[in-house]
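Number of protein chains: 2
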Amino acid sequence: MEKLFSVTLAGGRKTEVFLASPGEDLAVGSDFIVTDANAGQYLGSRTADVVLPPGEGSKNWDSIDRILSSALAMGLARDSLFVGLGGGVILDMTAFAASIYMRGARVSLVPTTLLSMVDATLGGKTGIDYGGGKNLVGTFFPAEAVIIAPWTLKTLSDAEYRSGLGEVLKHAVLSQDDRLFRFLEENRNGVMGRDDAILAEMIRLSLEVKISYIERDPEERKGIRSALNLGHTFSHALESYMDYGISHGEGVAWGTAAAIRTGARLGITPQDLASRTLALLSLYGFSSDAYRIPADDFASYSAAIGKDKKKSRGSVRFVLMEGQGRPVLIELPEDEIRKAVIG
Amino acid sequence: MEKLFSVTLAGGRKTEVFLASPGEDLAVGSDFIVTDANAGQYLGSRTADVVLPPGEGSKNWDSIDRILSSALAMGLARDSLFVGLGGGVILDMTAFAASIYMRGARVSLVPTTLLSMVDATLGGKTGIDYGGGKNLVGTFFPAEAVIIAPWTLKTLSDAEYRSGLGEVLKHAVLSQDDRLFRFLEENRNGVMGRDDAILAEMIRLSLEVKISYIERDPEERKGIRSALNLGHTFSHALESYMDYGISHGEGVAWGTAAAIRTGARLGITPQDLASRTLALLSLYGFSSDAYRIPADDFASYSAAIGKDKKKSRGSVRFVLMEGQGRPVLIELPEDEIRKAVIG
Numbered sequence: 001m002e003k004l005f006s007v008t009l010a011g012g013r014k015t016e017v018f019l020a021s022p023g024e025d026l027a028v029g030s031d032f033i034v035t036d037a038n039a040g041q042y043l044g045s046r047t048a049d050v051v052l053p054p055g056e057g058s059k060n061w062d063s064i065d066r067i068l069s070s071a072l073a074m075g076l077a078r079d080s081l082f083v084g085l086g087g088g089v090i091l092d093m094t095a096f097a098a099s100i101y102m103r104g105a106r107v108s109l110v111p112t113t114l115l116s117m118v119d120a121t122l123g124g125k126t127g128i129d130y131g132g133g134k135n136l137v138g139t140f141f142p143a144e145a146v147i148i149a150p151w152t153l154k155t156l157s158d159a160e161y162r163s164g165l166g167e168v169l170k171h172a173v174l175s176q177d178d179r180l181f182r183f184l185e186e187n188r189n190g191v192m193g194r195d196d197a198i199l200a201e202m203i204r205l206s207l208e209v210k211i212s213y214i215e216r217d218p219e220e221r222k223g224i225r226s227a228l229n230l231g232h233t234f235s236h237a238l239e240s241y242m243d244y245g246i247s248h249g250e251g252v253a254w255g256t257a258a259a260i261r262t263g264a265r266l267g268i269t270p271q272d273l274a275s276r277t278l279a280l281l282s283l284y285g286f287s288s289d290a291y292r293i294p295a296d297d298f299a300s301y302s303a304a305i306g307k308d309k310k311k312s313r314g315s316v317r318f319v320l321m322e323g324q325g326r327p328v329l330i331e332l333p334e335d336e337i338r339k340a341v342i343g
Numbered sequence: 001m002e003k004l005f006s007v008t009l010a011g012g013r014k015t016e017v018f019l020a021s022p023g024e025d026l027a028v029g030s031d032f033i034v035t036d037a038n039a040g041q042y043l044g045s046r047t048a049d050v051v052l053p054p055g056e057g058s059k060n061w062d063s064i065d066r067i068l069s070s071a072l073a074m075g076l077a078r079d080s081l082f083v084g085l086g087g088g089v090i091l092d093m094t095a096f097a098a099s100i101y102m103r104g105a106r107v108s109l110v111p112t113t114l115l116s117m118v119d120a121t122l123g124g125k126t127g128i129d130y131g132g133g134k135n136l137v138g139t140f141f142p143a144e145a146v147i148i149a150p151w152t153l154k155t156l157s158d159a160e161y162r163s164g165l166g167e168v169l170k171h172a173v174l175s176q177d178d179r180l181f182r183f184l185e186e187n188r189n190g191v192m193g194r195d196d197a198i199l200a201e202m203i204r205l206s207l208e209v210k211i212s213y214i215e216r217d218p219e220e221r222k223g224i225r226s227a228l229n230l231g232h233t234f235s236h237a238l239e240s241y242m243d244y245g246i247s248h249g250e251g252v253a254w255g256t257a258a259a260i261r262t263g264a265r266l267g268i269t270p271q272d273l274a275s276r277t278l279a280l281l282s283l284y285g286f287s288s289d290a291y292r293i294p295a296d297d298f299a300s301y302s303a304a305i306g307k308d309k310k311k312s313r314g315s316v317r318f319v320l321m322e323g324q325g326r327p328v329l330i331e332l333p334e335d336e337i338r339k340a341v342i343g
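If you read the sequences in order, they're chains A and B. Residue 180 in this note's numbering sits at position 180 of the first sequence, and the numbers go up by one each step. Residue 292 in this note's numbering sits at position 292 of the second sequence, and the numbers go up by one each step.
The shape of chain A in the complex, shown without the other chains (with noise of 0.2 Å):
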């Protein structure tokens, strides 16, 4: 395996990103497997130790009892590996049980989901949803590692693969840099057809950017870390509104385009940069319009909003640009919202 990243987060721990060959063991090292029925091809000839039905329903807590309990009747200490394999939900719910495992196992990370490579796997953020709210218990605990294999995504479908790319696109408006934006400028075919050296290279400049914004603030105190939440509390409203009947990425690549043209209103975003942004994100099928909000039922998507407000007491900060690269957190008036997003 070839070491991508050694990056420094939540309680000094570091988190060693590997990118893995066709052919490697992708759970080396590991003392008890967690994986979900659609990731265990991916296993060889080991086997799985816990496997889990698929899906956000099987984030919660009755999963993390199986998790454990199956760790203890396998004698786990707190020096054992555990490795998870799959989508976001399995990785964020082995690591959730690492970290409570005697007070912290040792955990790594197999992601095999475009959503969950670029996004939720590094970085140290563990959970299961709670009381009907997502991630609302958690930790901070990264893993030890994190492999990338990116010929897992070939089998993933249009539409998860899609939800990935939404993630890629706001981390190349995020980006101090312009390598990322460039690169999907320039390799669109590439992406589309999922070839492996451009799949490869995606994700490691959409780390690069992740790691930028984390490693100055793991556990998201200081306003740094938050900015990855650009289009998010847009798309968490819209997916809330929606009844989760669109996915995670595909939200976020509409909340960019609405924070974007919110931005460009406001005099905040440069007109330059919305234009080209608005342009990426059509060049990979993301439309801005696909998703007016009727203005009659704007009320229910502003309700939405007010999860999120309740999240962090009172205020909610929408995350807008002033810059590629140079995000702010400000709070937007009703109205702003509605011109961003009824149709």
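Simulated from the structure, these hints should not be mistaken for laboratory data. None of the hints are false.
Since copy identity is lost for identical chains, a pair holds within one copy or between any two.
In silico SDA-like pairs for lysine to any residue, Cα to Cα no more than 25 Å straight-line:
#1 222 <-> 144
#2 134 <-> 79
#3 134 <-> 61
#4 134 <-> 299
#5 134 <-> 72
#6 307 <-> 80
#7 307 <-> 65
#8 222 <-> 29
#9 307 <-> 78
#10 3 <-> 215
#11 154 <-> 23
#12 307 <-> 31
#13 134 <-> 80
Nothing here was measured: the structure is a model prediction, and the numbers come from that model.
Using the hints, position chain B against chain A.
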């Protein structure tokens, strides 16, 4: 309140330890208070938000679930302050719940037993019992404040007070200087009479010893913090063998005597430290002969040691003393364990 210590613990988090005077608000700054029926009396005009049944039987996920769902219903955010007030069980659970609420809310802890003041509260260990094992699920999550209110010890039962003294005596042996040891030798009457000023000084000296070990090894990974387990391997097995019909501190005092005598027998512990320690234990009414295991029952005592073995994958190392403040971790042959405990 008087600040006694500022301690740097897991993840670089700081815990400040305060000594409160009677009449001061022990739940200062709280957004949310967890306590048990016994400790509610120290809340003054405040009321608790969650009241759990006292005792080890509450130390499970159901209680954590109650705390988390109440916190959520009250709209608490990541910057809300959870206050736990009570004995070790309440504090461990409040801190565990806070540590996973939105990936870590703020927590401050107010111990109302001597055992929790000198032992469990400071150091960041949180947790619940799981699958029949103690503290098998939890986190390292140091409280931002620990508030010591010695006058709450006046109403403690003699048995509970004595349990705390067991840990204090253990700290005297582990101390790298002689202050706590001498203080205990010279102040028996004040300690047994629970004189406020004597209690405050005894707790301060005892915490100083604990801090010297935990600051060098906050997550118990280097074998330094493990020294605080002096007497504990002998004790855990005794507690289990006696079906928990003995208090923890009572067991620890007995286990400390067993470790000291074993060390002396093996030529590891100097005779003068051994005699002085056994005399101190005896001064406080802890006879090393209080619990002798009948020879034909040794197998079941020895099996109970196996539980600690499971936790550490095979080897159990006992803490023995090469001198005052000079612990060593040593695997003991079965025969030495037998000599230490059978009657």
